[in-house]
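Participant: Sequence:
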Amino acid sequence: MYIELLNAHFSRVCIGETITSLWSGCGEIVRCSLDDKPCVLKAINVPDHINHPRITQSAVAIDRKKHSYHVEYSWYRRYSDTLPLQCRALTCFNTLKKDQNYVLVFADFTQQGFTPAVPCDEHILSIVKWLAYFHAYHLNNNGDELWNEGNYWHLSTRPDEYANMPNGELKQLAHRVENKLNTCEYNTLIHGDAKLANFAINSQTLDVLGYDFQYVGKGVGIVDLMYFLGSCLDEHALLTLTDKYLDAYYSFLSCAIKHFNIPCDAQSVITQWQALWPYAWTDFYRFLAGWSPAHGKINAYMLKQYDTVIHYEQTGRI
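For the sequence shown, the working numbering assigns the number 1133 to the initial residue and increments by one for each residue that follows.
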């Protein structure tokens, strides 16, 4: 179907190699040439049934996945081109849609001097800076046509995983944790799937590109930071290096708020988000406990943050 969509918009379509398939048969990413211009396509068509080893595909799960691609389509049509240099997204030349078929036409970042990010200190700090500027730039943006709550694991779209959780304190706290994150005075747009694999970097300039914006929407910035550090640091590194990256993030965030002349007190934003750091970890722990309770990301650092939330909920003090 996506070939027909391309043929309707371009005179010369030459499909090249498949770079990768999308999640569970939802499409593919391919190199191509459109009217003699080299580019990369993300061709999307979500099937009515998805085979996944961990997930029983309920109607909720299918609808969530379909909506995620509509959100990404909307992001590249309405938001991506407005980003400042400090937090750029992968260049999208065109967005095509017919029914549930989407085609996103991207620049090939490897031809622009970018390569996939790796978990080294320079790359991690550069992406932490990208996140801080992204969050500062979008402070108090409600994100029309995006997720009302950014990220792929938020409770309202994960009733199946919540039902799978064993009864206990974590499950009892789930709605309380969600409410704490959603009622913060300072909201922004979050990437929502800010793992290391969704960033490219120029190793000479340390410029960063973000991509895969399927779960972008409203939230608090430290949710992205939590997920990003969890994607590139193991348990030992989380226990020993997280404070360093947190300090860097808050420093970048303060500078970015001033740089963009955002009408708010930077220290007030930082103070409120600092208090929500353990809640962000606990919220992701809730998802993992219902989705894959033996997952390796349930580690000592995550459990330490969960204990902090328990202590706070019991005493009112972190």
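Among the hints, a few may not be true.
[Said to hold, decoys possible] Result set (BS3-like, lysine-lysine): computed pairs, CA atoms no more than 30 Å apart in a straight line: (1) K1327 x K1436; (2) K1230 x K1303; (3) K1303 x K1390; (4) K1429 x K1390; (5) K1429 x K1376; (6) K1327 x K1390; (7) K1230 x K1169; (8) K1376 x K1230; (9) K1198 x K1390; (10) K1390 x K1376; (11) K1229 x K1327; (12) K1436 x K1390; (13) K1429 x K1303; (14) K1230 x K1198; (15) K1303 x K1436; (16) K1198 x K1229; (17) K1327 x K1198.
[As the list claims (entries may be wrong)] Ranges between beta-carbon positions, derived for each pair: (18) K1169 x T1214: 22 to 28 Å; (19) K1376 x R1209: 15 to 21 Å; (20) D1240 x Q1446: 49 to 55 Å.
Don't read these hints as lab results, they were simulated from the structure.
For each residue, glycine too, the CB sits at the ideal point set by N, CA and C.
Participant: Check whether the Cα positions of K1436 and K1390 lie no farther apart than 30 Å.
Facilitator: 33 Å, violated
Participant: For K1429 and K1376, compute the direct alpha-carbon distance and say whether it is at most 30 Å.
Facilitator: 20 Å, holds
Participant: Within 15 to 21 Å: is that where the Cβ-Cβ distance between K1376 and R1209 falls?
Facilitator: Since the Cβ atoms of K1376 and R1209 sit about 38 Å apart, the hinted range of 15 to 21 Å is violated.
Participant: Take the C-alpha atoms of K1230 and K1303, compute the straight-line distance between them, and say whether it is at most 30 Å.
Facilitator: Given pair K1230, K1303 is violated - Cα atoms ~40 Å apart, limit 30 Å.
Participant: Verify the proposed pairing of K1390 with K1376, using a straight-line Cα cut of 30 Å.
Facilitator: It holds: about 22 Å lies between the C-alpha atoms, which stays within 30 Å.
Participant: Does the alpha-carbon distance linking K1303 and K1436 stay inside the 30 Å limit?
Facilitator: Holds - the C-alpha atoms of K1436 and K1303 are around 17 Å apart, at most 30 Å.
Participant: Are the Cα positions of K1327 and K1436 separated by 30 Å at most?
Facilitator: 21 Å, holds
Participant: Can you confirm whether the C-alpha distance between K1229 and K1327 stays at or below 30 Å?
Facilitator: Between K1229 and K1327 the Cα gap is close to 27 Å, so the pair holds against 30 Å.
Participant: Does the Cβ pair K1169, T1214 satisfy 22 to 28 Å?
Facilitator: 23 Å, holds
Participant: For the pair supplied as a hint, K1230 and K1169, confirm whether the alpha-carbon distance does not exceed 30 Å.
Facilitator: 23 Å, holds
Participant: Are K1230 and K1198 close enough, with their CA atoms no more than 30 Å apart?
Facilitator: It holds: about 13 Å lies between the C-alpha atoms, which stays within 30 Å.
Participant: Taking 30 Å as the top limit, are the C-alpha atoms of K1198 and K1229 close enough?
Facilitator: 13 Å, holds
Checked against the numbered hints listed earlier, the structure breaks hints 2, 3, 4, 8, 9, 12, 19; every other hint is satisfied.
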